[in-house]
Amino acid sequence: MAKAKPSGDNFDAMLRRELRSAPGASTAECVEPEVLAAYYDRSLSRAERDGVESHLASCPRCLSMMASIARADDSDVARPHEAAGGFFWLTRVLAPITMLGIVIVIAIGIRNREQPKPEMIALASPAVSQKLDLAERAPAAPPAFEASESRAISPSISAPPVAGTSHEEYGLQTQRASAPRAAVADLASAAQSRMQIQSRAANSMAAGAASSGSIAMTAKVAIANIVYSPDRSVAWRFGTAGTIARWTSASGWLPQRSGVSTDLLAAASPSNDVCWMVGKSGTIIRTLDGGAHWQLIAPPSRKNFIAITASDSNNASMVGADGAHFSTRDGGVTWSSP
Amino acid sequence: MTAESPLKLKKLCAGAAARIVRFGANWNVSEAAALETLARSIESWGGLARGNSLEDYLESLRAEDLALAIACRGGVAAAWETFIGKYRPILYSSARAICRDESAAREIADSMWAELYGIANGADGTKRRSLLDYFHGRSSLATWMRAIVAQRHIDSVRSSQRFDPLDETEAFVSRNNNHNDEPAHLRMMEIFAVVLGATLAKLSAKDRMRLSYYYRDELTLREIARLMGEHESTISRKLERTRGELRANVERELRKTHRMSAEQIQHCYDHAAEDAPFRFGAEPPAANPGLASQKKEGGSF
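Those protein sequences? They're chains A and B, same order as listed.
Anchor point for the first sequence: position 6 equals 6 in the working numbering, and the numbering is continuous, going up by one each time.
Anchor point for the second sequence: position 4 equals 1004 in the working numbering, and the numbering is continuous, going up by one each time.
Please keep in mind that the hints were generated in silico from the structure rather than gathered at the bench.
Since this is a predicted model, take the numbers as computed values, not measurements.
Every residue, glycine too, gets a C-beta built ideally from N, C-alpha and C.
Worth double-checking, as some hints may not be accurate.
Derived CB-CB ranges, DEER-like [said to hold, decoys possible]:
1. A:G51 / B:R1040: 57 to 67 Å
2. A:I108 / B:A1018: 33 to 43 Å
3. A:S251 / B:K1206: 44 to 54 Å
Restricting the straight-line Cα-Cα distance to at most 20 Å, the calculated cross-link-like pairs of lysine to any residue (SDA-like) are [what the hints assert, rightly or not]:
4. B:K1206 / A:S233
5. B:K1206 / A:S251
6. B:K1206 / A:A57
7. B:K1206 / A:P23
8. B:K1206 / A:R71
9. B:K1238 / B:T1220
10. B:K1206 / A:K303
11. B:K1206 / A:G252
12. B:K1206 / A:P60
13. A:K303 / B:W1027
14. A:K303 / B:G1075
Below, a sample of chain B positions facing chain A; criterion: calculated Cβ distance under 7 Å [claimed, not checked]:
15. A1097
16. A1150
17. Q1151
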């Protein structure tokens, strides 16, 4: 008898098949979603936990819900999913390696600084000088909120641009200042400062995503709102003071001029070129050309708008913070309220 | 069983309400609103009737999230801004992770977002009822939203599957045309499935859950560890142990009760990777009516 695969693998296949059963309809015994959530959060008493577990072991539906909760909890918040892997590797692998390299470069730099060569420092490009200024101005331990906010709309905070931009920048500037080791060391210090700020910003965002986050933490995540076009080839980031950035795989994050200075709170992108955004004080803006031009639309109310959905450039519905609901069928020329 | 006096219950509720009010100070959450929410939460819990400790229950409630939910339900703009900033990204990323399909995820997240505001509810057309009314603070808001998304996704998949053609008999016949030794092959496979199912049923609830998460839902060890409250290495070790014991017990049962030879067991393994030639855990299709009765009679090799 031919043995295509080792028996062990095939036992797994048998096991997988035996355990495979489609989730059925909800029954009277099924656990409420909130109780499943409480079970996941370890908020149930011992007796309640045991009850849920004994039901889970025999209910494919509730078991599937638990698996979904775990899978969703594992997914990161507010970033393009294409970048997820890159960001993970950047923070968990590349960052420590880069930091180690930087420490070595700094050590070399410190040794060379004992005998400074002014003529070599003078060779450093303006870009390098600028970085040095930035590094000097950067507070030793900036508040997490400031770090987060200053980077929120900057292309360098998001995963795809972070990897590309910082490494290209670093490589280019290292070439410019290849001869003067002291300048390289200073550049490395600047890069280290940038990485520390970036790391603090990322930590802040992660902390903000946790349920125990304070109100201040919440504000940090607020500026990282992102919407996607239906095919996910375009992402829009929007936030405080009318800041907008657009992402494509080709261009990465590019800041755009929204033409407004109010905080933007929600957006909808029914196609790659069309995007609607709403925000505080009745702000409504729309682009029809991928963000090259943003058009300010006359609002039906001056209150804050906190949610919007749009099916195309003409049809959109939005909700105010007071619960008022408005719809347009003509691109925002007229608004109706049910 | 802990029977608490009405005075003590009142005192406990007042303490819990004070906590909620404290967290909701920025949004002017009133004590009356907090108490009303607590009353609904306690009613939904139903633990008092079972004699569970109210003190423990109130202690376990997420006061901060409840305060935010109360303020949002009350239409406080500042609370909504906080909610949008913190939970909108979570809702959409959770929907994407659960649905694994962008359009389905958007559909579920959009409709849920609308219901959180309350625009999709209110049968009378005037009363605004938010989905947050159903949040009782037993878990974090984030996990609660994930659970709702998961529930809606499952219901959505189930409702879409009702329209899929299911020609099991035809598929069954075409799949089994390449076995010349029918029905012996079928019978062996079915016996294997029955024995495996029975052995699985004897496992403890936790062992079955671990296996299901790993083999059925294909979760990572980290995800299973979080679900089970165990360390990843513990999950790995227990999975390996359960799998080994399961396999040994299945093979022992096949040899002892059904007198299957090592070659026959190997035959089952060899064909396990094929598209299911039979429906595990179900009666065989009508094409082979004799097999079902043989199985019930406990026929063996």
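Evaluated hints:
Under the hint 57 to 67 Å, the C-beta atoms of A:G51 and B:R1040, about 22 Å apart, miss the expected range. In this structure the supplied range 33 to 43 Å is violated for A:I108 paired with B:A1018, their Cβ-Cβ distance being about 60 Å. In this structure the hint that A:S251 and B:K1206 lie 44 to 54 Å apart at CB holds, the actual value being about 50 Å. At most 20 Å may separate the alpha-carbon atoms for a hinted pair to count; B:K1206 and A:S233 exceed this at roughly 42 Å.
Restraint check: the Cα-Cα separation between B:K1206 and A:S251 comes to about 49 Å, which exceeds 20 Å; the hinted pair is violated. For the suggested pair B:K1206 and A:A57, the alpha carbons sit about 7 Å apart, so the restraint of at most 20 Å is met. Taking the CA atoms of B:K1206 and A:P23, the gap is about 19 Å. The hint holds against a cut of 20 Å. For the hint linking B:K1206 to A:R71, the alpha-carbon distance of about 19 Å falls within 20 Å, and the restraint holds.
Restraint check: the Cα-Cα separation between B:K1238 and B:T1220 comes to about 14 Å, which is no more than 20 Å; the hinted pair holds. Distance restraint check for B:K1206 and A:K303: the Cα-Cα separation of roughly 52 Å exceeds the 20 Å cut-off, and the hinted pair is therefore not satisfied. Restraint check: the Cα-Cα separation between B:K1206 and A:G252 comes to about 46 Å, which exceeds 20 Å; the hinted pair is violated. This hinted pair checks out: B:K1206 and A:P60 have alpha carbons roughly 14 Å apart, not beyond 20 Å.
Between the alpha carbons of A:K303 and B:W1027 the distance comes to roughly 17 Å, so the proposed pair stays at or under 20 Å and holds. In summary, the hint linking A:K303 to B:G1075 is supported, as the alpha carbons are separated by about 12 Å, within the 20 Å threshold. Here the hint on B:A1097 is kept, as its CB sits about 4 Å from the closest CB of chain A, short of 7 Å. Restraint check, B:A1150 versus chain A: the minimum CB separation of about 4 Å is within 7 Å; hint holds.
The criterion of a C-beta within 7 Å of any C-beta in chain A is met by B:Q1151, whose closest approach is roughly 5 Å, and the hint holds.
In summary, the structure is inconsistent with hints 1, 2, 4, 5, 10, 11 from the numbered list given earlier, while agreeing with the others.
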